[in-house]
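J.: Residues per chain are reported as follows:
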Amino acid sequence: MTGLKGLQVGESLEAITLPPVSRLDLIKYAGASGDYNPIHTIDEEAEKAGLPGIIAHGMWTMGNLAKLFTPYFEEGFIQDYSIRFKGMVFLNDVITLHAVLDEQGEEELSFSVRAANQDGRDVIKGNVVFCKRFITAAT
Amino acid sequence: MFEHTIGKRSEKVKNRVERGAVKKFAEAIGDLHPIYTDEENYSRNIAPPTFPRVFDYGNIEELNLPNKGLIHGEQNYHYERPLFVEEEILCYAEVEDYYERSGKSGNMGFLKVKRYGEDPEGKLIFSEEQVVIITEAVRKGMTV
Chain A
-7 MTGLKGLQVG ESLEAITLPP VSRLDLIKYA GASGDYNPIH TIDEEAEKAG LPGIIAHGMW
53 TMGNLAKLFT PYFEEGFIQD YSIRFKGMVF LNDVITLHAV LDEQGEEELS FSVRAANQDG
113 RDVIKGNVVF CKRFITAAT
Chain B
5 MFEHTIGKRS EKVKNRVERG AVKKFAEAIG DLHPIYTDEE NYSRNIAPPT FPRVFDYGNI
65 EELNLPNKGL IHGEQNYHYE RPLFVEEEIL CYAEVEDYYE RSGKSGNMGF LKVKRYGEDP
125 EGKLIFSEEQ VVIITEAVRK GMTV
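Protein chains in written order, with the numbering used here: chain A, -7 to 131; chain B, 5 to 148.
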């Protein structure tokens, strides 16, 4: 692993493609997060809400997207993480996570981040500011 | 219809960044880095950035949201530093704004709720802002 130091503006972190979304993924997230809204786990409830089927928690996708940065948590931390929810994620969707470096400051790195489905459509989109100040405070 | 709740906030609630809950959460988002769980090789374990979802922020008086039919529009986190596993945090929530706009599916309500996590000395660790969209159909179904 090379770390964030060598990364140039315009370059991307290595994208991650998730396995197809399964019901178990969403049941696990419901349990771990405490978000038991049934449109994420029970077909009938999703249909009652006018959806074609259950949809992933937006926060499940947002949680997944942040893991692009986890390998660098010994260099710093996520200072700001802003997301707009753009589209729904259905069962068996294949989601790919992307981050591109937009700006490089002395202490802060700004990234555009997004998660897209198998059709290339963004389902969530936003920004991450990664702060390198933490290194000294952490150890 | 939620205008009157702007500025209302909850009482602070004491939460702990529970080790088991962090592990379960990291697993649920497929983020299995040892920095969250390995006590041997890290002086301090941290929690994933979206972990504050699990905290109790208390109840905001007069803010009675339906538990169905809400659309999560935006979510923003700001951290002063990462959350450490097993630390205690005081959490509370505040209604930041509410406004309505007409759109394709009628009049939409936009509710901005801001949540905070502080250390026991009252120093901010993180804040998060959530924008919830409430459709006209949902609001009509509510009894206020």
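Certain hints may be false.
A few chain B residues facing chain A, derived, Cβ under 10 angstroms [what the hints assert, rightly or not]:
hint, residue
1, Ala30
2, Thr54
3, Phe55
4, Val58
5, Asn80
6, Tyr81
7, Val135
Since the hints were made in silico from the structure, they are not lab data.
All C-beta atoms, glycine included, are put in the ideal place defined by N, C-alpha and C.
J.: Run every hint past the structure and note whether it holds.
T.: Hint by hint, here is what the structure shows:
1. Restraint check, B:Ala30 versus chain A: the minimum CB separation of about 8 angstroms is within 10 angstroms; hint holds.
2. Because the closest C-beta pair between B:Thr54 and chain A is about 4 angstroms apart, less than 10 angstroms, the hint holds.
3. For B:Phe55, the suggested interface contact is upheld, since its CB lies about 8 angstroms from the closest CB of chain A, less than 10 angstroms.
4. Look at B:Val58: its Cβ gets to within about 6 angstroms of chain A, closer than 10 angstroms, so that hint holds up.
5. With a cut of 10 angstroms, the hint placing B:Asn80 at the interface with chain A holds, because the nearest CB-to-CB distance is about 4 angstroms.
6. Below 10 angstroms, beta-carbon pairs count as interface contacts, and B:Tyr81 has one with chain A at about 4 angstroms; its hint therefore holds.
7. Annotation: interface hint on B:Val135 holds; nearest CB of chain A at approximately 9 angstroms, less than 10 angstroms.
Checked against the numbered hints given earlier, this structure breaks none of them.
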